[in-house]
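Since the structure of chain A is provided, determine the placement of chain B on it from the hints.
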Amino acid sequence: MIEIKGVSKSFKNETALDYKDLTFEAGKSYMLLGASGCGKSTLLNMIAGILSPDRGRIIIDGKDMSAAPQKEKDRFRIEKIGFIFQDFKLINEMTVADNIGILRLEGIDTSGMDSLLTRLGIAEKKNKKVKTLSGGQKQRAAIVRALVKQPDIILADEPTGNLNYSIGEQVIKELTQAAKGKTLIAVTHDERLRPYFDCVIDMNDITGSPYDVAQGKAVE
Amino acid sequence: MLSFALKNMAIKKIQVILIVISIVISAGVAVLAYNTSNQVRDGITDTAGWYSAIIGPSGSKTQLAMNTMYFTDEPLGTVPYSVVGALQRDSRVKKVIPYAMADNYNGYRVVGTASAYLESKEILEGRMFDDSGVYEVVLGASVAKVCDVRVGDEIFTSHSASEEHTEPLKVVGILKESHSVFDRTVFTQLKTIWEVHEHGEHGEEEEHEHGEMNGGICAAIVTTQNPAYAMALVNEYDGKIITDDDGDQVTLQAIEPMETVRSILEEADSTKYIVYVLCAIILVMNVMVISIITLLNMYNSAKEISLMRLIGISMKKINLLYILQNGLIGIVSVALAFAVSKICLLFMDSYASSMGVVLDTARIYPAEWVILALVFAIAVLPTVVCTFVMARRDSINE
Numbered sequence: 001m002i003e004i005k006g007v008s009k010s011f012k013n014e015t016a017l018d019y020k021d022l023t024f025e026a027g028k029s030y031m032l033l034g035a036s037g038c039g040k041s042t043l044l045n046m047i048a049g050i051l052s053p054d055r056g057r058i059i060i061d062g063k064d065m066s067a068a069p070q071k072e073k074d075r076f077r078i079e080k081i082g083f084i085f086q087d088f089k090l091i092n093e094m095t096v097a098d099n100i101g102i103l104r105l106e107g108i109d110t111s112g113m114d115s116l117l118t119r120l121g122i123a124e125k126k127n128k129k130v131k132t133l134s135g136g137q138k139q140r141a142a143i144v145r146a147l148v149k150q151p152d153i154i155l156a157d158e159p160t161g162n163l164n165y166s167i168g169e170q171v172i173k174e175l176t177q178a179a180k181g182k183t184l185i186a187v188t189h190d191e192r193l194r195p196y197f198d199c200v201i202d203m204n205d206i207t208g209s210p211y212d213v214a215q216g217k218a219v220e
Numbered sequence: 001m002l003s004f005a006l007k008n009m010a011i012k013k014i015q016v017i018l019i020v021i022s023i024v025i026s027a028g029v030a031v032l033a034y035n036t037s038n039q040v041r042d043g044i045t046d047t048a049g050w051y052s053a054i055i056g057p058s059g060s061k062t063q064l065a066m067n068t069m070y071f072t073d074e075p076l077g078t079v080p081y082s083v084v085g086a087l088q089r090d091s092r093v094k095k096v097i098p099y100a101m102a103d104n105y106n107g108y109r110v111v112g113t114a115s116a117y118l119e120s121k122e123i124l125e126g127r128m129f130d131d132s133g134v135y136e137v138v139l140g141a142s143v144a145k146v147c148d149v150r151v152g153d154e155i156f157t158s159h160s161a162s163e164e165h166t167e168p169l170k171v172v173g174i175l176k177e178s179h180s181v182f183d184r185t186v187f188t189q190l191k192t193i194w195e196v197h198e199h200g201e202h203g204e205e206e207e208h209e210h211g212e213m214n215g216g217i218c219a220a221i222v223t224t225q226n227p228a229y230a231m232a233l234v235n236e237y238d239g240k241i242i243t244d245d246d247g248d249q250v251t252l253q254a255i256e257p258m259e260t261v262r263s264i265l266e267e268a269d270s271t272k273y274i275v276y277v278l279c280a281i282i283l284v285m286n287v288m289v290i291s292i293i294t295l296l297n298m299y300n301s302a303k304e305i306s307l308m309r310l311i312g313i314s315m316k317k318i319n320l321l322y323i324l325q326n327g328l329i330g331i332v333s334v335a336l337a338f339a340v341s342k343i344c345l346l347f348m349d350s351y352a353s354s355m356g357v358v359l360d361t362a363r364i365y366p367a368e369w370v371i372l373a374l375v376f377a378i379a380v381l382p383t384v385v386c387t388f389v390m391a392r393r394d395s396i397n398e
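Just so you know, the protein sequences line up as chains A and B, in that order.
Everything in the first sequence is counted per my numbering, starting at 1 for the first residue and increasing by one.
Everything in the second sequence is counted per my numbering, starting at 1 for the first residue and increasing by one.
Calculated from the structure, these hints are not laboratory results.
Some hints could be false.
Pairs of lysine-lysine residues, derived as DSS-like cross-links and limited to a Cα-Cα distance of at most 27 Å, are as follows [unchecked claim]:
no., chain 1, residue 1, chain 2, residue 2
1, B, 13, A, 129
2, A, 149, B, 7
3, B, 316, A, 89
4, A, 128, B, 7
5, B, 303, A, 80
6, B, 12, A, 131
7, B, 317, A, 89
8, A, 63, B, 316
9, B, 13, A, 128
10, B, 317, A, 149
11, B, 12, A, 128
12, B, 176, B, 121
13, B, 303, B, 13
14, B, 317, A, 71
15, B, 7, A, 89
16, A, 149, B, 303
17, B, 317, A, 63
18, B, 7, A, 129
Note that the coordinates shown come from a computational prediction; the quantities given were computed from them, not determined experimentally.
Just chain B, same shape as in the assembly:
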């Protein structure tokens, strides 16, 4: 029966291709929308949950949160490193990590920080950069892979496309792939960022004294001893005015990452529902398109069915034949839709990663199987109904 079903499908390839395309588009879009929306949400909330507070320059809360946690957008500016010292002396604070972003390596962001920033990350090869040293970098897995860089190699960062720094940075480690934005980032000790910039701005003659912690940072990432301290800390630092090394006044901004992210997601929630509604519309259209194509197909097949009936093929076998045909179309289409959604996710990942969101193509949500099963049912159901109706109206012995 399978062999005959395949041959029968081959002679109706136009209809079969139309049905397959229809299913692939609708199921692919639905699965892709669901997966992307959930991965973005999960990725953002997971990262935001790591920190109690972020303190940086005044400006957009969203920009401060997104730049510090997801390496997106540009930093708001800098605040003096003395903020870190003040926070370290605060008994409510468990940990403070300085954060600075200035350069890029082949388009990948370079983050200056402390090794504690990467303590939850696994080193695949080499070691973590030395907090007391300079000119050492640890690469995200994708950076090392794409740029074909290994431990021991030297790289040159740049401030812009035309402005490459002359100081080589030594690759001392490569992070294990984490399917996060860390895969696409270069990490170094904070002082390296300052030193490289000093070289760029003042030349060799006016080089800073190594080991001096007196530069600027884009933010201080804080973990409090107790979650309850976070709000008090934010209230205390938000809007606080301090004086930097040059005697200029700098206004600080403090945010609770989870709160900021929650407000971002609340805005995104309405977008999410629009995506779901669009998916539902696509699925309904899919039902209609598949039903129409199936009905036309079955109408065209009426002659063939009557022929089979005349030579003695039972209605049961004919029903099985058509259900098998549409079942095969459904399975192939759903598998293709799944593959297409993952390929699209791969392309979207390279786009999304530029915004700090990393999409894992291997990540599959249980609801995706439900969507695919639903689409498969939609593909097969019209045939089951048609064959059932035909069996009831069997032309033999009418």
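The following block holds chain A by itself, in its conformation from the complex:
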């Protein structure tokens, strides 16, 4: 379970973001909707330990990760979190296998790579350089990299942002299926993708009373 409590974050020359208290239940999939700049990606980055909140706490499975040292956050991210980015974050000159194999630098077991590549339909692209792949194939490769370490939490920041709707929908469908049983939090602008998630949170409304998703106060 991920709990967001009294978190605020400000950036240089930008307005501070104050978050409602939120709770993400383990094993459920969440869709974060909202306009650009409303703090969706910032929230994901804080959960992943890439950013630290200015104040407040981010509690994951009972541990306040926002107060943890950076090394511990890095370790948690590499072991427990699968992060999928809008721009894939793959090394274009390397093969799909090498991009996934990069996790081995931190001792992560990537033996499940082949079955995941097959499951996502890009097994034949395993030894192809990323720069030769289409956008959809790149995102699938990024999903494999996120899932291969069997993370407890999957964070997806605009995973369909660079894809057209039909491919984006297919990717989300595959992602939600592959992430079954894990906590999935995906940021997207596209409301048409709602049916694939257990809950949807409108991040435009980030102020006011605590927002408990588990009690069903999600935007329809």
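Only chain B this time, still in chain A's reference frame:
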């Protein structure tokens, strides 16, 4: 990590090749310059230390020393063999070795002398030439190898490219390789030189009587009973005028080899410092080139590093990865530089040997390892600094 480092280097092969070339050139030149300069110096001083005095015709002291000890340049001329007899009768003299150079065999110098001249050399095959005989030769190891000549074979020397002597010389021995100019020289009894020339100049009909020691020599190499006698001997013989067999007057010149060589090396010393300064400039340029390439490389790698950080790879692992990459580049480059310097030494050896200086490719000075270690440090240091700076400016949580 090694596998990933190699793959990561493969995608940046242009930068990697540039760094390798830069290191190979700078380290190779530095090592080569140091090695050559020291080998030439050591070779010259070692040989010069063997003799107390050299007595020959008047002229350049340097030419007399270099021709007699290193078989370079042309002989100054000849002096009568009677000089040897006079020196042998001198109680201050321990040993006198006559020396003459006239012909060549396939471009290799032929030296006429006494077997004592080669007493410090080891015979690999066969035996030493007989001092009382003629037409026997002992070959330097390289001569035998390159010309594919064995003990028992006969060879023909020549005075010039178009003037080959008709008398065959029998190979009776081959010297063990000594990585000196002796490897590239043919040695024979002094009388052989005279006999072969008599045949060439006068034909069979006017042949000299064998065993008669009345020809000319290019120099007499002297070892005194006591080092202190050398200077007195040189003072006595330098400028002395004697009469040769034809009644002509010949002015002698006497030198102390060590003194002559020392003066040559003193002149060469300034050249040596120029070489060292050039090496230092090359190394400084190397630092700059490697630093610039590394910085550009790291700048290009910033995206890759940020990507690795985002997916959770720790800064420590990223630092190790880049240090490993540059360490590999450094090791390979330094090894290549070392190999290139030895290959260059091999080519330089064939050139230097024509001047009487023999370069041993197997000879390595401890300072060469220091130079290579320094270059390796130069190759790796910019990366260590860059990764340290990047770790301090880690974009995560800025």
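Outcome of the hint check:
1. 13/B - 129/A: holds (16 Å)
2. 149/A - 7/B: Answer holds: residue 149/A to residue 7/B is near 22 Å, not above 27 Å.
3. 316/B - 89/A: Cα-Cα ~20 Å, so holds.
4. 128/A - 7/B: holds (14 Å)
5. 303/B - 80/A: Roughly 23 Å between the alpha carbons, so the hint for residue 303/B and residue 80/A holds.
6. 12/B - 131/A: OK: residue 12/B and residue 131/A at ~15 Å, within 27 Å.
7. 317/B - 89/A: Holds: residue 317/B and residue 89/A sit about 18 Å apart, inside 27 Å.
8. 63/A - 316/B: holds (24 Å)
9. 13/B - 128/A: With Cα atoms ~19 Å apart, residue 13/B and residue 128/A stay inside 27 Å; holds.
10. 317/B - 149/A: holds (18 Å)
11. 12/B - 128/A: Distance ~17 Å between residue 12/B and residue 128/A Cα, so the pair holds.
12. 176/B - 121/B: With a Cα-Cα distance of about 7 Å, the restraint between residue 176/B and residue 121/B holds, given a limit of 27 Å.
13. 303/B - 13/B: holds (18 Å)
14. 317/B - 71/A: holds (12 Å)
15. 7/B - 89/A: Judged against 27 Å, a Cα distance of about 18 Å means the pair holds.
16. 149/A - 303/B: holds (23 Å)
17. 317/B - 63/A: holds (25 Å)
18. 7/B - 129/A: holds (12 Å)
The structure agrees with every numbered hint stated previously.
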